[in-house]
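I would like the entire structure built from these sequences, with the hints used as guidance.
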Amino acid sequence: MSTRIQKEAKKENLLINMGPSHPAMHGTIRIMLELDGEKILNSEVEVGYLHRGFEKICENRTYFNLLPYTDRMNYVSPLINNLAYVMTIEKMLGVDVPERAQHIRVIMGELSRIADHLTCIAAMAMECGAFTVFLYKIKAREFIWDVIEETTGARMTTSYIRIGGVKSDLHPDYESQLKTAIKETRKVLEDVDGLLSKNKIFLNRTKDIAVVTPEEAVSFGWTGPCLRSTGVYYDVRKAHPYLVYKNLDFEIPLGERGDNFDRYYVRMKEMEQSLRIIEQSMEKIPKSSSSASLMAKGIEPAEAIKASRKKKTEERIKLSSNLEGSEKDAYKGILTDDKRYIIPPKEDTYTSIEGIINHFKFFMKGHGIRPPKGEVYFSVEGGNGELGFYIVSDGTDRPYRLHLRAPCFHIVSALEKMIHGHYVADIIPSFGSLNMIGGELDR
Amino acid sequence: MEEKKILEELNEKFPQKIRETSKLFGDVAIVIERESLFEIVAFLKNKPYECNMLLDLTCVDYKGQEPRFEIVYHLFSVPNNHRLRIKTQLSEKDLIIDSLTSLWRNANWLEREVFDMFGVHFKGHPDLRRIFMYDGFEGYPLRKDYPLRKRQPRIPLRK
Numbered sequence: 001m002s003t004r005i006q007k008e009a010k011k012e013n014l015l016i017n018m019g020p021s022h023p024a025m026h027g028t029i030r031i032m033l034e035l036d037g038e039k040i041l042n043s044e045v046e047v048g049y050l051h052r053g054f055e056k057i058c059e060n061r062t063y064f065n066l067l068p069y070t071d072r073m074n075y076v077s078p079l080i081n082n083l084a085y086v087m088t089i090e091k092m093l094g095v096d097v098p099e100r101a102q103h104i105r106v107i108m109g110e111l112s113r114i115a116d117h118l119t120c121i122a123a124m125a126m127e128c129g130a131f132t133v134f135l136y137k138i139k140a141r142e143f144i145w146d147v148i149e150e151t152t153g154a155r156m157t158t159s160y161i162r163i164g165g166v167k168s169d170l171h172p173d174y175e176s177q178l179k180t181a182i183k184e185t186r187k188v189l190e191d192v193d194g195l196l197s198k199n200k201i202f203l204n205r206t207k208d209i210a211v212v213t214p215e216e217a218v219s220f221g222w223t224g225p226c227l228r229s230t231g232v233y234y235d236v237r238k239a240h241p242y243l244v245y246k247n248l249d250f251e252i253p254l255g256e257r258g259d260n261f262d263r264y265y266v267r268m269k270e271m272e273q274s275l276r277i278i279e280q281s282m283e284k285i286p287k288s289s290s291s292a293s294l295m296a297k298g299i300e301p302a303e304a305i306k307a308s309r310k311k312k313t314e315e316r317i318k319l320s321s322n323l324e325g326s327e328k329d330a331y332k333g334i335l336t337d338d339k340r341y342i343i344p345p346k347e348d349t350y351t352s353i354e355g356i357i358n359h360f361k362f363f364m365k366g367h368g369i370r371p372p373k374g375e376v377y378f379s380v381e382g383g384n385g386e387l388g389f390y391i392v393s394d395g396t397d398r399p400y401r402l403h404l405r406a407p408c409f410h411i412v413s414a415l416e417k418m419i420h421g422h423y424v425a426d427i428i429p430s431f432g433s434l435n436m437i438g439g440e441l442d443r
Numbered sequence: 444m445e446e447k448k449i450l451e452e453l454n455e456k457f458p459q460k461i462r463e464t465s466k467l468f469g470d471v472a473i474v475i476e477r478e479s480l481f482e483i484v485a486f487l488k489n490k491p492y493e494c495n496m497l498l499d500l501t502c503v504d505y506k507g508q509e510p511r512f513e514i515v516y517h518l519f520s521v522p523n524n525h526r527l528r529i530k531t532q533l534s535e536k537d538l539i540i541d542s543l544t545s546l547w548r549n550a551n552w553l554e555r556e557v558f559d560m561f562g563v564h565f566k567g568h569p570d571l572r573r574i575f576m577y578d579g580f581e582g583y584p585l586r587k588d589y590p591l592r593k594r595q596p597r598i599p600l601r602k
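Chains as they are written, first to last, in my numbering: chain A, 1 to 443; chain B, 444 to 602.
No wet-lab data here; the hints were simulated from the structure.
Just so you know, even glycine gets a beta-carbon here, dropped at the ideal spot from N, CA and C.
With the Cβ distance kept under 10 Å, some of the chain A side facing chain B (calculated, not the full set):
{"no.": "1", "residue": "Ile57"}
{"no.": "2", "residue": "Gly221"}
{"no.": "3", "residue": "His240"}
Some chain B residues near chain A, calculated using beta-carbon distances under 7 Å:
{"no.": "4", "residue": "Phe468"}
{"no.": "5", "residue": "Asn495"}
{"no.": "6", "residue": "Trp547"}
{"no.": "7", "residue": "Asn549"}
{"no.": "8", "residue": "Pro584"}
Following this line, the structure appears as structure tokens:
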């Protein structure tokens, strides 16, 4: 079957494929170009090479089970995906999240946003030939991922933010680590600003190329840094504040022309604001109720189970800190106290009948988290823009329908229009500045 | 309340066309007649409501109910900062609805996605093809009667 461009293309022009396996196409997108020499007369973007049936899988998983799938949507900032999903469910259930958990969510979310922007600019600059920038940015991202890894236990597929709070408390030594990450990121941002923002080659390839007007951007459903680069003031964190963003002081950087350079520059400025948010949140975060020294002490699990057969044990149990629900002490600060929505602490599950009932009620088929009947839409500000979930619940333990509003999908749909009339070489920075993430685009 | 005002004015302007309005979990939803979708949405897009962004478009398959499909539009107004959910119902026998491609440019891909996943046709769409699935894919994967692990037949090599 022939596609639109194959029908429309004139015989004398060259029809060429860019991608799907082309290093600058970030893996999984195909652009068919009708060229006159180097000039793009017409183009067609084909997506779907990374389609994994996310929405279909989710309809067949319980609300708790499908959380790891959300990691795999925008795989550069998985924590924001977790956040968007979890907060949608919380909106349906009406769960109150402790303030400490909210601050942890903000810190983790902003770190992910920085990692996302760093990756975008790194790739974009590298494809324009600035390999140094790529290395610098990846170096900064490593520091950020160190913090994320220490806290969540994983670099990319975190599944850290849970319904009712977060999985575990911050690492005892997180503060110094986070301060190092902030310091190093600031330094890299300064270096990169010096390398790129007044660089003649970079400016020639980005200034006044692929210009998008504010009207067009809104009509294409753009959100996030791409929309703000055109000068439209819209950020979910300001427009519909969630978590503790209301109490934090930050600005929304705006662009003027909506070209490639503005998209780069808005991202650079936004990272600085994210660093500011993290610093404020670090100061405002309430103290943790758990202490690190307690974690290692206690009796062996086998002994505790044996003892619990005779009477209820009061002693602490030595549990691996990686074990789900082992942080009983910290629960008060990081998880809601509503027992219906959280995994009971492992100590209770092992040693008390209430704990084991609670555990089974949570994981048994047909039980667990069951939001009330109805439909809900909730969105957060993701790395690329408004990341929203639309969930229809029929009162069972699985979503009846789950739809992800992926910001990428709307942004990439404008690519055909953006590159029209430009040269083949302009595709690379234009496409790079959009920050297409295959997992989110194709779902 | 901004939303309440919109609902009242809509009811006044389009009597009989609005089937139901509801507010659940803080989201305002309006169920409208299929025939007047374009008219109502175009009305909302203009001043004074200025729902100038099509935030999202999707479909829900209520298998076993009549009408079976429900198309869900999320509109957003950047200047006024309010969201609105518009829903309209389609029966399985007559799966066709007006395309919004002339109002919003992202409707093009969003409608292709709904066509791809549910088989809903959009009247007036310039290029209604599958978007995620390939040509030759059989069935519509997000319908409730499509099994999770269904296998597809092999397609011959393209020439």
